[in-house]
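J.: Sequence:
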Amino acid sequence: TDQAKETVAKFTELLKGEGAEIVSTEDWGVKKLAYPIQKKTSGYYELIEFKGEGNLVDKLEVNFRRNESVIRFLTFKMDKYAVEYAIKRRTLRANNN
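So the sequence shown is residues 918 to 1014, counted in my numbering.
Any given hint could be a false lead.
Stated by the list, open to error - Here are the computed distance ranges between Cβ atoms for each label pair:
{"no.": "1", "residue 1": "1011", "residue 2": "983", "range": "33 to 41 Å"}
{"no.": "2", "residue 1": "926", "residue 2": "979", "range": "26 to 34 Å"}
{"no.": "3", "residue 1": "938", "residue 2": "1006", "range": "12 to 20 Å"}
{"no.": "4", "residue 1": "958", "residue 2": "934", "range": "30 to 38 Å"}
Stated by the list, open to error - Once the Cα atoms are required to be at most 27 Å apart in a straight line, the calculated BS3-like pairs of lysine-lysine come out as:
{"no.": "5", "residue 1": "948", "residue 2": "1005"}
{"no.": "6", "residue 1": "968", "residue 2": "957"}
{"no.": "7", "residue 1": "1005", "residue 2": "994"}
{"no.": "8", "residue 1": "948", "residue 2": "927"}
{"no.": "9", "residue 1": "949", "residue 2": "927"}
Keep in mind the hints are simulated off the structure, nothing from the lab. Virtual Cβ for every residue (Gly too), placed ideally from N, Cα, C.
Please build the complete structure, drawing on both the sequences and the hints.
T.: Here it is, written out as structure tokens:
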């Protein structure tokens, strides 16, 4: 998973370089895929929560598509309730660890 960690670092640096604020990152590790994708049965999952301008998402997704290490990705805008939930979730995780 060194390649996966390098890929995550690359995208984190891309976000920072575009002026985004990294709110949190979570390493979910290697998990079995629900179905094979490009003949792969497992994948490395990473959650990156960030604040940035709207056009940054387009740049990020173009880079995801061009990177052969990324087989699937999901980006979404969080409403205020999702942000509150994420803060509570991070707090609970921090208290449990």
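J.: Each hint needs a verdict: does it hold in this structure or not?
T.: Tested hints:
1. Separated by about 35 Å at the C-beta atoms, residue 1011 and residue 983 satisfy the suggested range of 33 to 41 Å.
2. For the pair residue 926 and residue 979, the beta carbons lie near 19 Å from each other, so the given range of 26 to 34 Å is not met.
3. At roughly 18 Å, the beta-carbon separation of residue 938 and residue 1006 lies within the given 12 to 20 Å, and the hint holds.
4. In this structure the supplied range 30 to 38 Å holds for residue 958 paired with residue 934, their Cβ-Cβ distance being about 34 Å.
5. Note on residue 948 and residue 1005: the hinted pairing holds, with a Cα-Cα distance of about 25 Å set against a maximum of 27 Å.
6. Annotation: proposed proximity of residue 968 to residue 957 is violated, straight-line Cα distance about 32 Å (limit 27 Å).
7. The hinted pair formed by residue 1005 and residue 994 meets the criterion: a straight-line CA distance of about 18 Å does not exceed 27 Å.
8. About 21 Å separates the Cα atoms of residue 948 and residue 927, which keeps this hinted pair within 27 Å; it holds.
9. Under the criterion of a C-alpha separation no larger than 27 Å, the hint pairing residue 949 with residue 927 is consistent with the structure, at around 24 Å.
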